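Protein sequences, first through last, are from chains A and B. Here UniProt numbering is used: position 408 in the first sequence is 408, and no number is missing along the way. Here UniProt numbering is used: position 181 in the second sequence is 181, and no number is missing along the way.
Hints were generated in silico from the structure; no laboratory data involved. Being a predicted model, the structure only gives us computed values, none of them experimental. Built from N, CA and C at the ideal position, the CB exists for glycine as well. Careful, some of the hints might be misleading.
Computed, partial: chain B to chain A, Cβ under 7 Å [stated by the list, open to error]:
no.	residue
1	Trp52
2	Ser102
3	Pro104
4	Arg194
5	Val209
6	Met226
7	Ala228
8	Arg297
Looking from chain B toward chain A, a few residues come up when the C-beta cut is under 8 Å (computed) [claimed, not checked]:
no.	residue
9	Leu193
10	Thr221
11	Gly232
12	Arg293
These are the residues of each chain, in order.
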Amino acid sequence: MIELRHVSFAYDGETTATLHHVDLHIAEGELALVAGRTGSGKSTLLGMFNGLVPHFSGGVLSGDVRVAGESVIGRPPRELAHLIGYVGQDPAAGFVTHTVEEELAYGMEQLGLEPSTMRRRVEETLDLLGMADLRERSLRTLSGGQQQRVAIGSVLTMHPRVLVLDEPTSALDPTAAEDVLATIARLVDDLALTVVLAEHRMERVIPLADQLVIVEDGTVRSGSPADLLAEAPVAPPLIELGRLAGWDPLPLSVREARRRVRTEPFVLTAPPRRPEPSGSPLLRATGVTVAYGTTRAVENVDLTVRADEVLVVMGRNGSGKSSLLWAIQGTGPRRSGDVRVGAEGVDPAEVSADEARMLVGLVPQTAADLVYLETVAEECAAADTQSGSPAGTCAELLQRLAPGIDAGHHPRDLSEGQRLALVLAIVLTARPRVVALDEPTRGLDYRAKAELADVLRALADDGHAIVLSTHDVEFAATVADTVVVMADGEVVSRGPADRVLAESPAFAPQVSKVLGPQWLTVGQVERTLL
Amino acid sequence: MVSTEAPARVQRGPLPRDLHPGAWWGWALTLAAAASGTTNPVVLGLVVAVAWLVVVSRRSDAPWARAFRFYLWFGLVIVVLRVVYRIVFGGGSTTGDVVLLSLPEIPLPEVVRGIRLLGDVTLSSVLAGFYDGLRLAAVIICIGAANALANPQRLLKSVPPALYEVGTALVVALAVFPQLAESVQRVRRARRLRGDPGKGVGALRRVVVPVLEDALERSMTLAAGMDARGYGRSGGVPRRERAVTGAFMLAGLFGVCVGTYAFLDQTAPRVLAWPLLLLGVVLAAAGFHRAGRRVRRTRYRPDPWRTGEWLTVACGVTAAVLMQFVAPAAAFPSPTGVPEVSLLALGAVLVAAIPAFATPVPRPMR
């Protein structure tokens with residue numbers, strides 16, 4: 001269905017090609033997963049199929065790209081819309097109309113289809129995606145998972161032969177992500193649609209994939225997932241576990257792995273015990289309530305975080321995690337409740353912004369909101385003066401968090417991981433006792449997440465209290481001492497990470513699903529392996 | 001409780017549905033035209049009352065429907081401003097005027113001769129200001145009524161095919177504005193996390209740079225998304241065809257502009273008014289038709305145009321036309337005496353109230 005022959009591509013002004021001599025074949029009716037490290041060129045590869053690269057990105061493309069037997073070289077995306085449905089990273093940013101039904105019809109209007117055909121296809125698509133009850137809803141009021149499904153539906157109505165998805169689940173909570181992936185799997189099964197999707201969190205996609213495409217250092221390898229994953233630069237915990245145990249072929253689903261464990265049991269010592277956090281409590285929040293108008297976002301939440309503790313807040317999109325973090329920092333609104341930081345018990349909402357930053361440092365979800373200067377060096381210098389620290393403090397912190405960032409770079413040109421490190425360094429320059437991070441893992445690959453986990457662990461061991469919110473189960477399993485699960489603004493479960501995560505059907509990491517609730521990460525298994 | 005009445009097998013009356021937004025605009029604009037044809041305060045008051053009646057009985061629960069009272073306030077402000085203006089600049093009296101208030105006239109230098117500041121406030125100048133302001137207020141309230149009754153997004157969707165591109169741009173802009181506001185709010189909130197940047201340019205830059213970068217990124221994403229979904233697929237229109245269409249449109253617009261001006265300015269030659277307006281409309285319509293023919297695009301579930309729509313527009317047109325036949329003495333009463341009320345004028349405005357009960361009720365929001 002998709003055929004790339006000797007394709008090379010370089011962005012304008014770059015001396016090295018982003019992709020060179022790529023040969024790739026994706027068969028009809030299969031699901032291909034594109035994986036690779038952040039910035040390896042996954043999105044570039046996806047954009048080539050429908051002409052977004054080079055028409056929107058600029059750059060020079062050579063070689064031949066064929067979709068359904070036609071060469072698409074030189075054809076703009078709009079002339080390929082009937083052939084390839086493309087859904088970008090942020091579905092909400094691509095919406096053109098205001099309601100679900102109009103959005104589904106938009107592409108067909110552009111193709112000039114008969115009104116009766118449009119009507120029929122909209123109804124079929126609503127049923128196919130299970131969204132009939134949402135038809136008149138405003139797009140802005142939908143949840144993340146619903147928006148993603150509308151975005152998929154809006155290209156499906158054009159009856160494309162290929163569906164291209166760029167990180168369809170990266171912003172979704174585990175349950176919504178499962179929903180979207182189940183929808184995609186059904187499209188492949190029922191409609192024989194060819195699907196190409198790029199994803200950082202591969203763990204849920206690998207069992208569905210027929211073909212794996214690995215993008216690394218400008219080259220592309222493809223093959224069956226089991227073969228390629230043995231050597232892949234990015235791999236989910238399940239694969240890491242398989243590699244550790246030396247299983248061949250590697251198990252691609254949790255079920256397969258369980259079967260392997262039954263036949264060749266792991267020899268493990270006693271289940272690992274995580275040391276309980278024993279530091280003095282640094283953050284004590286009692287009865288925190290946040291409301292916007294008449295909608296309540298957080299209700300009566302109590303939270304205590306110790307000096308060497310990493311506390312992870314989990315929950316659905318819109319369950320109040322961000323509002324809680326902002327309220328703790330003192331910048332966000334707080335209807336009632338009490339927040340005390342440090343031994344002195346100061347409330348960050350009652351002191352000046354400068355003092356509040358020394359109590360609780362917050363890295364917001366869109367970390368880029370904090371940077372506004374032209375170079376990394378300028379940002380660091382500004383952070384030093386703003387917090388009254390000696391010159392070079394921020395640069396030194398950044399060097400420790402992410403070594404080797406060119407100080408002359410523009411912050412926008414950094415990779416997601418580097419930008420996060422820069423903002424974290426800026427926040428840490430004020431020497432806060434408590435560090436809060438709102439969804440820090442979006443757009444990070446497995447290695448970058450492992451590095452972030454190390455950084456946070458080191459900060460905690462250094463006497464900081466860390467609070468962070470995330471959807472990423474595997475990341476939470478690596479980093480958390482304590483987990484708090486929120487639903488509808490209230491805390492529904494809390495406790496040590498191994499108990500809370502492993503016991504929840506939605507939040508259990510892959511390793512616990514295979515080995516049982518005592519184990520959370522591959523690292524733990526490795527340490528206890530005899 | 002058991003109903004004693006037998007249930008009706010056949011229910012009559014129109015189903016609840018939203019009227020075509022074009023119908024509401026047609027009704028409102030013609031009612032505004034009727035209002036602009038008189039300064040009679042009784043008639044103008046009735047126009048405002050009719051607009052209010054139709055709005056409260058036929059508006060939906062949508063957010064834009066709640067904006068009507070802002071237009072009412074706006075109208076009040078206009079009337080007050082007009083009267084104040086007359087008091088400040090329209091002072092001075094001649095014999096026979098009823099002086100309401102004697103204010104000292106402030107002498108102005110010779111350069112600005114012809115402008116008077118304060119002076120005697122006469123009844124006739126205040127009334128003239130009041131009538132004038134009321135007329136403008138009534139026109140604006142009519143526009144406000146259209147805004148409250150018609151779904152702006154649906155209206156943009158029903159523009160002629162030739163204007164499709166412009167319509168889409170407006171739809172997108174409508175969606176982008178709330179996002180921009182959201183973005184500004186987010187960045188302002190994030191400011192507190194990074195210490196005080198000082199005053200002036202530095203502080204402004206901290207908000208403006210991230211917001212603009214965000215907006216630019218969003219626009220690029222949206223443009224890429226729209227392109228990938230087939231926006232702007234070419235129909236391959238030849239150059240000459242486009243030139244002819246463009247000429248039609250320009251000539252039509254010119255005709256409409258001159259015609260409207262002549263229609264409103266009573267001193268302009270009459271031959272410029274109706275004939276030129278009509279010619280302009282016909283030319284523009286021809287241009288639209290030609291341009292629209294070449295567009296290979298279809299519309300999903302367009303709003304239907306049925307009896308209700310015809311009736312609504314007809315009521316507005318009737319009001320505007322009847323108002324043309326009202327005797328000048330009644331249409332433009334002198335500010336010195338009690339205004340004379342003509343039955344024709346009242347009847348004309350009352351016709352415009354028919355849509356308040358003769359059109360289908362709007363569908364409840366789901």
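Outcome of the hint check:
Annotation: interface hint on B:Trp52 violated; nearest CB of chain A at approximately 28 Å, more than 7 Å. At a threshold of 7 Å, the smallest CB-CB gap from B:Ser102 to chain A is about 52 Å, leaving the interface hint violated. Hint status for B:Pro104 relative to chain A: violated, with the closest Cβ pair at about 52 Å, above 7 Å. The beta carbon of B:Arg194 is positioned within 7 Å of a beta carbon in chain A (closest approach about 5 Å), and the interface hint is therefore held.
The beta carbon of B:Val209 comes within 4 Å of a beta carbon in chain A, closer than 7 Å, and the hint placing it at the interface holds. Using the Cβ-Cβ criterion of 7 Å, the hint placing B:Met226 at the interface with chain A is satisfied: the shortest such distance is roughly 6 Å. Satisfaction of the interface hint for B:Ala228 is found here, the shortest Cβ-Cβ separation to chain A being roughly 4 Å, below the 7 Å cut-off. Because the smallest distance between the Cβ of B:Arg297 and any Cβ of chain A comes to about 5 Å, under 7 Å, the interface hint for this residue holds.
Satisfaction of the interface hint for B:Leu193 is found here, the shortest Cβ-Cβ separation to chain A being roughly 5 Å, below the 8 Å cut-off. Of the supplied interface hints, the one on B:Thr221 holds, with its beta-carbon coming within about 4 Å of a beta-carbon of chain A, less than 8 Å. For B:Gly232, the interface hint holds, the least distance from its beta-carbon to any beta-carbon of chain A being 5 Å, beneath 8 Å. Here the hint on B:Arg293 is broken, as its CB sits about 13 Å from the closest CB of chain A, past 8 Å.
Comparing the model with each numbered hint stated earlier shows that hints 1, 2, 3, 12 do not hold.
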